[in-house]
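Student: Order-wise, the sequence lines are chains A and B. Okay, so the first sequence: first residue is 2 according to our numbering, each after it adds one. Okay, so the second sequence: first residue is 43 according to our numbering, each after it adds one.
No lab work stands behind these hints, which were simulated from the structure alone. Computed from a prediction, not measured in an experiment: that's the story for all the values here. Ideal placement from N, C-alpha and C gives every residue a C-beta, glycine not left out. Some hints here could point you the wrong way.
Reference listing, derived: stretches of chain A covered by chain B, where coverage requires no fewer than 3 residues with Cβ under 8 Å from a Cβ of chain B [unchecked claim]:
(1) 134-144
(2) 156-169
(3) 283-295
(4) 347-357
(5) 421-435
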Amino acid sequence: MATNEQYRICQSTGLRVYKSAENLIKANAVVAVVFLAIGGLFGLMVALTRWKAVHLLPADWFYLVLTAHGINVLIVWIIFFEMAVLYFASAVLLGCRLATPRWAWAGFVLMLIGAIMTNVAVLQGDSSVMFTSYVPLKAAPSFYLGIILFAVGALVGCFVFFGTLVLAKQERTYEGSVPLVTFGATVAAIIAVFTIASGAIILIPTFLWSFGYISHIDTLMYRTIWWGLGHSSQQINVAAHISIWYLISAVVLGAKPLSEKVSRGAFLLYILFLQLASAHHLLVDPGISSEWKVFNTSYAIYLAVLGSMIHGLTVPGQIEAAQRKKGFNNGLFEWLRKAPWGNPAFSGMFISLILFGFLGGISGVVMGVEQINLIIHNTIYVPGHFHATVVAGTTLAFMAVTYLLVPLIFQRELVLPGWAKVQPYVFGIGVAGISLFMMGAGTLGVPRRHWDISQADAILPYDFPGAANLMMGLNGLSALLAGVGGIMFVVVVVGSILFGKKIESSSEVAKTDPAAEVATKYGSEEHPSVPGTLVLVAVFFISFVLYYYVNWKYLAEIWPLR
Amino acid sequence: MSVTPPQQKVWWNEPVPKSELIWVIVAFIWGLIMFFMMVYWHAYGEQNLSNESYRITAEDYSAKTEAMVEKYTVREESGYPVVHPPPGSDVYLIARLWQWWPILELEKGQTYRLHLSSLDWLHGFSLQPVNINVQVHPDYEMVITTTPDVAGEYGIVCNEYCGIGHHQMLGRLYVVDNGESK
Numbered sequence: 002m003a004t005n006e007q008y009r010i011c012q013s014t015g016l017r018v019y020k021s022a023e024n025l026i027k028a029n030a031v032v033a034v035v036f037l038a039i040g041g042l043f044g045l046m047v048a049l050t051r052w053k054a055v056h057l058l059p060a061d062w063f064y065l066v067l068t069a070h071g072i073n074v075l076i077v078w079i080i081f082f083e084m085a086v087l088y089f090a091s092a093v094l095l096g097c098r099l100a101t102p103r104w105a106w107a108g109f110v111l112m113l114i115g116a117i118m119t120n121v122a123v124l125q126g127d128s129s130v131m132f133t134s135y136v137p138l139k140a141a142p143s144f145y146l147g148i149i150l151f152a153v154g155a156l157v158g159c160f161v162f163f164g165t166l167v168l169a170k171q172e173r174t175y176e177g178s179v180p181l182v183t184f185g186a187t188v189a190a191i192i193a194v195f196t197i198a199s200g201a202i203i204l205i206p207t208f209l210w211s212f213g214y215i216s217h218i219d220t221l222m223y224r225t226i227w228w229g230l231g232h233s234s235q236q237i238n239v240a241a242h243i244s245i246w247y248l249i250s251a252v253v254l255g256a257k258p259l260s261e262k263v264s265r266g267a268f269l270l271y272i273l274f275l276q277l278a279s280a281h282h283l284l285v286d287p288g289i290s291s292e293w294k295v296f297n298t299s300y301a302i303y304l305a306v307l308g309s310m311i312h313g314l315t316v317p318g319q320i321e322a323a324q325r326k327k328g329f330n331n332g333l334f335e336w337l338r339k340a341p342w343g344n345p346a347f348s349g350m351f352i353s354l355i356l357f358g359f360l361g362g363i364s365g366v367v368m369g370v371e372q373i374n375l376i377i378h379n380t381i382y383v384p385g386h387f388h389a390t391v392v393a394g395t396t397l398a399f400m401a402v403t404y405l406l407v408p409l410i411f412q413r414e415l416v417l418p419g420w421a422k423v424q425p426y427v428f429g430i431g432v433a434g435i436s437l438f439m440m441g442a443g444t445l446g447v448p449r450r451h452w453d454i455s456q457a458d459a460i461l462p463y464d465f466p467g468a469a470n471l472m473m474g475l476n477g478l479s480a481l482l483a484g485v486g487g488i489m490f491v492v493v494v495v496g497s498i499l500f501g502k503k504i505e506s507s508s509e510v511a512k513t514d515p516a517a518e519v520a521t522k523y524g525s526e527e528h529p530s531v532p533g534t535l536v537l538v539a540v541f542f543i544s545f546v547l548y549y550y551v552n553w554k555y556l557a558e559i560w561p562l563r
Numbered sequence: 043m044s045v046t047p048p049q050q051k052v053w054w055n056e057p058v059p060k061s062e063l064i065w066v067i068v069a070f071i072w073g074l075i076m077f078f079m080m081v082y083w084h085a086y087g088e089q090n091l092s093n094e095s096y097r098i099t100a101e102d103y104s105a106k107t108e109a110m111v112e113k114y115t116v117r118e119e120s121g122y123p124v125v126h127p128p129p130g131s132d133v134y135l136i137a138r139l140w141q142w143w144p145i146l147e148l149e150k151g152q153t154y155r156l157h158l159s160s161l162d163w164l165h166g167f168s169l170q171p172v173n174i175n176v177q178v179h180p181d182y183e184m185v186i187t188t189t190p191d192v193a194g195e196y197g198i199v200c201n202e203y204c205g206i207g208h209h210q211m212l213g214r215l216y217v218v219d220n221g222e223s224k
């Protein structure tokens with residue numbers, strides 16, 4: 002095998018970076034950020050339309066822009082970035098060349114063509130069918146074809162990732178087991194393969210139906226299989242962004258897992274159980290039994306939730322252990338107070354962790370309770386939940402890791418370091434507001450995907466309580482703040498790539514502290530205890546239990562039904 | 043570190059720190075509690091979504107609804123018939139682009155079998171302000187046995203996107219005290 006491909010040794014981390022992998026990471030990350038900017042702007046327009054006092058767009062444009070928002074951020078931005086993460090976690094972390102870089106480029110081009118094709122279909126105005134494209138709403142055939150091409154491209158990327166794992170093993174570029182981050186990325190890639198398979202099963206017939214080759218698609222079947230794509234693709238994100246939490250805490254603080262076994266076991270639970278979550282969307286649908294709903298919605302007795310709750314301890318726990326090893330040992334929380342809060346990679350990662358757990362995680366489990374879903378399904382509580390998971394969780398984690406990738410892969414220093422420093426806070430607070438106010442409005446019954454809840458021209462109008470309009474206004478304000486944070490991110494990243502000072506052989510960035518490298522030795526006496534993390538976890542647990550039962554109380558107040 | 047291969051090659055034999063072990067056990071037990079909470083509510087709770095549903099064509103469902111409307115209409119409002127069916131009976135509500143039809147008038151504390159189906163696309167039955175939300179499919183008829191327990195005027199919002207008229211798709215439902223009509 003030809004192994005004479007060019008590589009460089011990164012001065013700051015000692016990682017061996019091959020040119021082929023580097024270029025692909027760059028290309029995927031740049032395209033991802035472009036689509037984030039576009040999709041984010043659409044999102045801002047949606048929020049400003051739902052703010053009664055502003056009511057920015059007319060109805061037809063609102064539904065068009067909402068469709069474009071969903072496609073561009075939930076699919077295009079995230080999956081392009083995930084390709085960059087997969088190539089980084091395989092080729093760079095294992096110090097190996099990328100398997101079949103030409104295939105990887107082919108996948109990249111397919112994804113790009115698909116993304117543009119679907120966007121064109123949406124912007125032409127005859128494909129305002131939302132991200133979910135539920136039949137019998139019909140989009141232009143190119144809408145479905147674009148998504149199919151995009152998915153094929155992503156599938157190619159996953160297999161390049163698997164191929165690189167094999168190559169690294171064969172060429173012995175590392176010893177022992179793959180690093181935890183690579184393990185997590187592998188979990189994400191495996192889930193991606195399941196997910197894309199579900200997508201193919203439902204979208205190929207829908208594509209054929211869109212130009213009349215198939216006459217009828219059952220709505221219940223569509224929803225059941227489509228959510229095997231729609232929800233599972235969010236589980237790729239969970240596995241990917243949790244890997245990034247581990248990656249950032251390792252690179253910035255030299256943290257190492259408290260226990261490899263526990264962290265890997267938690268990832269393994271995702272492969273086994275996360276796929277059942279398609280059920281979360283079917284809890285109030287006809288024709289499906291309660292037994293099926295209860296088993297699937299709980300990921301078989303909450304075993305995937307168990308995985309996430311474990312990471313909720315192990316990620317801050319390893320940070321605490323590394324910090325204590327450095328001497329931040331006073332009291333319960335000195336390790337946290339003296340964490341590098343001015344480093345946007347760290348602050349972004351920690352805010353992502355907190356918001357994903359407290360807002361996204363708890364609300365997700367609660368609304369996924371079979372009966373409680375009755376008071377939440379399709380209200381704006383649902384986007385409230387997934388903006389906490391996908392925006393505050395995944396997107397913020399991806400932004401945070403970008404602050405590491407710019408010096409590491411693009412070899413540029415960050416421009417506007419002051420902006421970078423505050424960006425995760427601005428974006429984080431904005432997104433937290435978006436989530437909380439949408440959830441609040443949802444508990445008052447405000448529907449999602451709805452142009453005008455004041456329903457001025459309806460024959461039988463219904464007045465929502467004033468508090469609902471207040472919440473939607475506050476949601477608009479929060480979206481503005483998140484928008485500012487998003488623009489800051491794009492300006493810093495694009496500015497750094499274009500105009501940042503070149504890093505030749507500098508070792509200024511992303512320096513790990515050698516003292517922390519021996520933060521823990523598994524199972525030995527030296528294993529530091531993590532009392533601060535246990536307190537955090539206890540606070541999380543109490544909030545979880547209280548919020549869970551408060552919602553049962555709300556449920557008990559509605560009309561009896563059976 | 044998490045970005046390098048495990049320090050101990052045989053990492054799977056390392057003992058698990060106590061803090062992690064305790065949390066895994068607590069989280070697992072909490073999962074069990076949450077799982078059995080759903081099962082418990084099926085046995086003892088009063089709000090469980092019905093498992094009763096049938097396949098039906100739009101024509102048949104439409105015919106059943108119209109038969110009910112013909113028999114029990116008590117007045118008209120904004121061009122909609124207001125139907126006051128007897129307590130305990132089968133009550134039909136049509137979802138279609140873009141209306142909920144007809145207006146139903148139910149008696150407080152009485153139990154009804156409420157049928158829901160769509161004649162065309164997917165719709166979302168969202169009864170406000172009580173905030174009961176159910177997905178409504180074409181070709182499927184769901185039957186919910188329910189007992190309205192607070193009198194008043196309710197709005198039915200569509201909360202599944204169904205095209206450009208989606209936000210105008212509103213219906214109404216009255217709950218009145220026994221034997222009365224509004």
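Student: Hint by hint, work out which the structure violates, then give me just those numbers in ascending order.
Tutor: Numbers 2, 4 and 5 - these are the hints that the structure violates, sorted from lowest upward.
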